[in-house]
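Asker: Chain by chain, the residues:
Protein chains: 4
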Amino acid sequence: MSVRARIDSEKQKLRRLILQATTDLLAREGFEQVSIRKVASRIGYSATTIYLYFKNKADLIDHVVDDGFARFMLRLGNTGAGDSPPLRQLVAGMRVYIAFALENPNWYRVTFSSRLGRSNNDAQFLTEAATREKGFAVLAASLTQAMAAGEIPKRPLYPAVQTIWATLHGIAMLLINSPQAGIKEQRRVIEGYIELIVNGLRVR
Amino acid sequence: MSVRARIDSEKQKLRRLILQATTDLLAREGFEQVSIRKVASRIGYSATTIYLYFKNKADLIDHVVDDGFARFMLRLGNTGAGDSPPLRQLVAGMRVYIAFALENPNWYRVTFSSRLGRSNNDAQFLTEAATREKGFAVLAASLTQAMAAGEIPKRPLYPAVQTIWATLHGIAMLLINSPQAGIKEQRRVIEGYIELIVNGLRVR
Amino acid sequence: MSVRARIDSEKQKLRRLILQATTDLLAREGFEQVSIRKVASRIGYSATTIYLYFKNKADLIDHVVDDGFARFMLRLGNTGAGDSPPLRQLVAGMRVYIAFALENPNWYRVTFSSRLGRSNNDAQFLTEAATREKGFAVLAASLTQAMAAGEIPKRPLYPAVQTIWATLHGIAMLLINSPQAGIKEQRRVIEGYIELIVNGLRVR
Amino acid sequence: MSVRARIDSEKQKLRRLILQATTDLLAREGFEQVSIRKVASRIGYSATTIYLYFKNKADLIDHVVDDGFARFMLRLGNTGAGDSPPLRQLVAGMRVYIAFALENPNWYRVTFSSRLGRSNNDAQFLTEAATREKGFAVLAASLTQAMAAGEIPKRPLYPAVQTIWATLHGIAMLLINSPQAGIKEQRRVIEGYIELIVNGLRVR
DNA sequence: CATGAATGAGCATTCATTCAT
DNA sequence: TATGAATGAATGCTCATTCAT
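These protein sequence lines map, in sequence, to chains A, B, C and D.
The opening residue of the first sequence carries number 20 in my numbering; numbering runs sequentially from there.
The opening residue of the second sequence carries number 20 in my numbering; numbering runs sequentially from there.
The opening residue of the third sequence carries number 20 in my numbering; numbering runs sequentially from there.
The opening residue of the fourth sequence carries number 20 in my numbering; numbering runs sequentially from there.
One or more of the hints may lead you astray.
Identical copies look the same in the list; a pair holds intra-copy or inter-copy alike.
Below, computed lysine-lysine pairings styled on DSSO-like, alpha-carbon distance capped at 30 Å [stated by the list, open to error]:
(1) K57 with K76
(2) K30 with K173
(3) K76 with K32
(4) K57 with K32
(5) K57 with K30
Simulated from the structure, these hints should not be mistaken for laboratory data.
Could you build all of it, start to finish, from the sequences and the hints given here?
Answerer: Encoded structure:
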């Protein structure tokens, strides 16, 4: 490793530390509680230091969002249902989506609540992501395959993925905002939802 | 009109003015930008005056939320599809829901994003509302009727309404967060969504 | 009673009501918690009304202080030791003084803590009061008599009264600021104090 | 002096400046007039800066109180009567006590008026201090010695110190609240007081 | 006599950000 | 690279007081 590379790697290490601390703070205490100072004090650096790695608060949040997004996508890409019939894979993906949202409610809220995380043009980012990123691609892929295999009737891919994602988002938010709901109740909601969507997809 | 009544009406007028200004500020600039001072300066009154009409900021926001909610419910109760077959009424209600959300995106966000508008348990409030309030009752009613009329198979009412509402919410948020999407695009998403749900409901 | 007199009496009634409410608020919640609005709301009148009876807040507090002072003096004038030997009467007065202070700690604090109750020239008022008012006069009287009766050596009256009062005040404040002290402990302090002073007076 | 030390000393300098400004403001205008902003503006810094040196207002006041207390104790420890007979030392301590109170009336008020300076139990703090702190210990020490030397009769130490302190406090407050009293008048009060107490101590 | 409406001044506190070192 | 020092802007809120009615 060259000197330059090592330095860069050191630099990246602190950068990651900041990102993790912010993600952590966000997860534990919610968006409103995230402040540059708190992040800094959490990792034992000065507030000023943050600015050496991120342009400003918005930039930091942006990267936290992106980071979580990457992890999200990774999870969606590994649903563990790789060999199942396509429709089953789709359903597996939906379950993973909801599970991830429930595990990271604050991050999820910030990431998918517009304006907060990204200053501009969230939605485009999201919808673009929906088709391009390898994570959402799972939904798209299983959908395509399900259609190809005749499990469900053919329909334009992109709008379908988008719609599924949107309804998924609705369920995720419903569950996130119902913290008092027990696991059983959550499961019932999820199953009801999946049944509804899968049935909907089966018909044309 | 008695003197007292006139005075009261004057008082109500300013109260309404404050509510409108707050709603407006919320609509234009988002929740984070709403401050007592900004509201006051918008209507040319001192910040102190706000406190003559609302106990504190939370109280003010609460009333803004409630106000919008009342209008929302009113709209949902008048979908103009009163004589149509139940399933059609259901669909009309879904369209109205989305339309209202798109017309009042920031209000919608605050109202349905938990914690912000209402201090305590949003979700419960929402789901309770979903069945009880006359607005959401439209969904329940048309769903019941659709089942009674044999348009769709029978299923437990409450979970179904909840699921529909959640997916509706997802679509609403998707569209709200896609401000750059043209009307045509929006319509395509909405139609795709409705088709998916209606088809889902038709099967059992 | 003439019309004018009746009106005046009505007027006095509300005035008294305000004074009592303020005294009460002061007693219960302390000086910092006394505000014109709170007083007004306590008696069901508007804040503005207070200003019809008192020039401003300071004026109101002034009168509360005076009011309590009058009651204080009354109590000091009725120690129930009228027939006892003079020195005994003096001691009785000292006990009553401390008792009253302990019963009205917040009032006492405000009244005898300068600046707060009276804007200017407290002390003069107090020391003048000490000799003139019939209450402190009891101390002066019993002191005079005790000297005349040969119970204690002769000494200039005024400085002696003043000194006794000052030490009395110190003990009162000590006890007021030791709310955790039990009654037994309080009694011990009081007895120790009285013994010290009486002994001091006996010698010359 | 190392770089670090110099920097620290700079920092301490501003800290001291803030403390002095606060003490000054307190001394000149009283506790109610002390506000973070006023303190800041007095030293030409922004209000925010204060928070770099003190956690909050209460913390600042606490340190002002403590600071004065330290100076107070120092003075009480150096009455300049170290070789005199114990009773004389006691009297010297009493004189110093009163003198210091008169020199720092507002500080004295805040420090010894409970609740204001310290949130929790003042009185206990004071009485504990009365025996433990080296300052008040002077009183205790001279009292003990005076008893040992047979200058005054034996009596339980703690209650005696407490009583003396309380009466001392009363005199201090009397004089503080009599700003119009001339020096001669003050001296007469002090002498009368001391004579009374000393005589009281002599008898048993 | 009593009030409702309104306000200006003030407060403690927090935050993101800059700058010189 | 990292930081300590400092700040301006903002926020929610409370209060005493005035004024027209």
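Asker: Quick one: K57 to K30, C-alpha cut-off 30 Å, is that within a copy, between copies, both, or neither?
Answerer: both (20 Å within a copy, 23 Å between copies)
Asker: As a check of your reading, is K57 near K76 (CA-CA no more than 30 Å) within one copy, between copies, both or neither?
Answerer: Answer is both; intra-copy 12 Å and inter-copy 21 Å each pass.
Asker: Checking an output row: K30 and K173, CA cutoff 30 Å. Within, between, both or neither?
Answerer: neither (50 Å within a copy, 60 Å between copies)
Asker: Indicate which option fits the pair K76, K32 if close means a Cα-Cα distance not exceeding 30 Å: within, between, both or neither.
Answerer: Within. Shortest intra-copy distance 19 Å satisfies the 30 Å Cα cut-off; inter-copy 33 Å does not.
Asker: For K57 and K32, with the copy left unspecified, which applies at a CA distance of at most 30 Å: within, between, both, or neither?
Answerer: both (19 Å within a copy, 27 Å between copies)
In this structure, the one hint that does not hold is number 2.
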